[in-house]
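Given these sequences and hints, build the entire structure.
In order, the protein sequence lines correspond to chains R and S. Its first residue numbered 1, the first sequence is counted upward by one per residue in the working numbering. Its first residue numbered 304, the second sequence is counted upward by one per residue in the working numbering.
Some but not every residue of chain S turned toward chain R, in silico, with C-beta under 8 Å: (1) S723; (2) Q743; (3) S762; (4) A765; (5) L767; (6) P848; (7) T851; (8) L874; (9) R877; (10) T882; (11) Y898; (12) Y903.
Hints are computed from structural coordinates only; laboratory data are not their basis. Note that CB positions come from ideal geometry on N, CA and C, so glycine has one too.
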Amino acid sequence: MRAWTWLHPVVALVLAPLLGGLIARTKAVLAGRIGAPLLQPYRDLARLLRKESVYSRTTTAVFRAAPMAGLAAVSVATLVVPFGGAPALLAFPGDFVLVVGLLAIGRFGTVLAALDTGSSFEGMGASREVQLAALAEPALFLALAAVGLAAQGTSLSGMQAASSVESWLRAGPALPLVAAALLAVVLAENARIPVDDPNTHLELTMIHEVMVLDHSGPDLAFILYGSALKLWVMGALLVNVVLPIRTGSAWTDGAVSLGGMALLAVAIGLIESSMARLRLTRVPQLLVGAATLAALALVLVLR
Amino acid sequence: MRLSGGPAFCYTLRRIALRGPLYCMLLILAAVGILLGGGAGAFLARDPGSRWTRLGPGAAHAACIVAALGVVLSWRGFLPHAVRLPWPAPFGSLSFALDPLSVWFLLPLLLLTALAASYGAAYMEDGRSHRPEGGRRPGTMWLFFDVLVASMLVVLTARNAVLFLVAWEVMALSSFFLVTWHDDREDAREAGWVYLVASHLGTAFLLAMFALLGARAGSFEFEAFAAASAAGPGGALFLLAVVGFGTKAGFMPFHVWLPEAHPAAPSHVSALMSGVMIKMGIYGLIRTLGFIGAPDGWWGWLLLGIGLLSAVGGAAFALAQHDIKRLLAYSSIENMGLVALGLGLGIMGIVAGAPAVTALAFAAVLVHVLNHALFKGLLFLCAGAVLHATGVLNLNRLGGLLRRMPRTGACTLVGAAAISGLPPLGGFVGEFLLFLAALQATLTPAIAVSGVTVLAGVSLVAGLAAAAFTKVVGIGFLGHPRSPEAEAAREAGGGLLGPMKALAVACVAAGLAWTAPFVFVFARHPEGGAWPLPAGAAIRDLLAPTWTVGLAAALVVLLFGALALLRRRLLRRRDARETVTWDCGYARPETRMQYSGTSYVDPLAGLFQPLLRTRLDFDPPAGFFPRSSRLSTTTPALFRKRLYEPAFGRLRTTLQRFTLLQHGRLQLYVLYIVVVLLLLLVLQARSAP
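Set out below in structure tokens:
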């Protein structure tokens, strides 16, 4: 049963960029295009690692260290998030606070690196990023607290072990509420439509992309790979909640979770194909709404 | 057998420790004496540059060493280390004692005092300062600095209400003189005035509380208070304590003095005030909770409400500030709000009979108090170094300082990361414990709602704090300089950098190695006997996750190192070109086109506009070739403008009527005296047989 304890970090490190490929392929198919190969993100990373780096004269060591710090932190987060029905390597009460903290390291670095360039575009991206992060965090915490309460546990692995289809049937409509809140947080934190558009190159409308305008070469590869891992980590949180299916066989459970991740990627692709980015002033409402849904779920579970 | 050198010294120490607890306490009292003597010596120095002035910081150093020795010696067993001497003051006695709670608050006091004294000495002596001290005598500052430290030593060790209140008052007055040390500046005089009034109102509540406690216990010794703690309901006492101690701690809405007073003082004094002095309020509150009997549920809710208001409000106001030191002061309010949330949750745990919640929440309180002293002390010292180098504290006129002041910048970065709650630094551990307590509370049906409240509040506050401190570092230290002053900044001297580096190291160390001492404090807190805390071993289990956090953090550092090696290998044979920042083809980039601090926080601060009420002063560009345009924003101190100033204004108009009696004419005053004396005489004559 514990195979996935050791397997998950490896699988996450290997498969994370594939999520991006899946999303892009889904969008291409829906738009009637053939689209890039599924493995394109890997090729991009390999190409960036072979390129030179260009630095702005304004920047300091902060700009160079931030991509590495972010990638290191999110890699460690894969050790804390459980997957495939097995507990995580590092499991302890309140471990999701550590996951959020590790993701915060990456954000702190990216924001400072953006401000380090002295560019007003990147300042704008940083400014939006801290606004959305401050609002997304309560939603994430409340949603996970609702899951923890339903499962009577405070560690992610404990929540995963204790939640089952029956426990959610008992809790009633709390599951869809939590899932909706978590999905909103996943979309917002990973710079996806309807919060941010990862494809646009018009700086004024972007958040995450605009912050990394000045990064190049291996630094940019670290950032892209880190973002892919972040999507994997947060996606795994969502999949663990939505698919609490346990068959008893480690391989079946693992396959269910992997299928869930693929479904999530397709779902993100569907969302991105079917709606436009929200106006920036509306995004806080989306996130506050997500927090409200999570709070409502908590109330339902508490009842 | 003769021992020599080190072993002999240890042996002697051990003998002293065994001889009795008296010595430990006497060492602390000796430290108080040294401080008073050194302060007086520095004050009497004729010439500002004279060697006698050095007595001030020198005495602070000596006193810290002596007091630290006393603390170390008292470690053995923590028997009640008490000294009691008679004192002719009514109800007073000179009774002092050391217990784990006192020691816990003494640690940041001693550390920060020693470092702030070194920093202050270098700050005062360095002629390059951009803010000349205007002929002000450093001796005066050192007198009040030393008296402030001495009074805090007494506050933490006093075990008699009268002695405690006297020390409390000395603390308020000495810090008043430090706040107004720049008395040539109007804002400093104003800040001092607000501070003086607020302090005394707070003390009035404490006076009432101790009077009630004394009446109940029949004595003004803390021992007697604790013994009589079960004698009747303590609701009124609790309210008095929250207002009285909360004023010192800067709880909203009693915080009005804090954002005025802390920035007005010299930077090393701000560090001491924000790092340690406001914690005296927390200390007093915890101490009092041991006296006033079993808590009620509403006590917890009151503290949770105050904590939520202070934490969210403090963070939002911090976000909107332009001045680094004001931003730091508001952030102190936010952090004391987190502490109040911990206290409130702990009380809820006591009421609901959930010892795990209580232990975790009070653990969060203690850890956060210590960590806040470290990172807030560090950040105030860094702000002082910036002021020293540029003469500017307005973030919108700074920028690019990391290139010009790399060491100061690195220290600020560490402090900002710690206060933003990034693992593994100290700030994260406190927040983590608070989250853990809140999660534990959600699993306890009776107090689940309070747990959810804390969860939502703290996670919001963490995001706001991260925004405020990326603003400090990102706008102040990164990018291009926004003014000639910032352009010309030079690195601070070794005298300023030394204490900053020491605190930066302490911030990192506090995140990694802290559980052991604190388990010890908790398991043996004397008044804790009244609270249903789990046993020592159970506490260790509850706190075990923090070690895993340390492990994860070590992994992050290792991976970072590996990635750095990889990056170096990859870039080895390639050019790493340097060019301008990508500006989308714009031909003439200018430093003023950067995002400013105001624009950086605008989206987030905009969400709190109903609370902040930031005013825009905007001259928009007009015509085809606009000559000029101007935008300035100010965020008024809401509670002061909307609550206290109207209330005090009304009070003044009411009291104005009594100016009929007090008008300055001496003859009439003499007449009053004569009339009263005559009346007394008549009364006496009538009642006499």
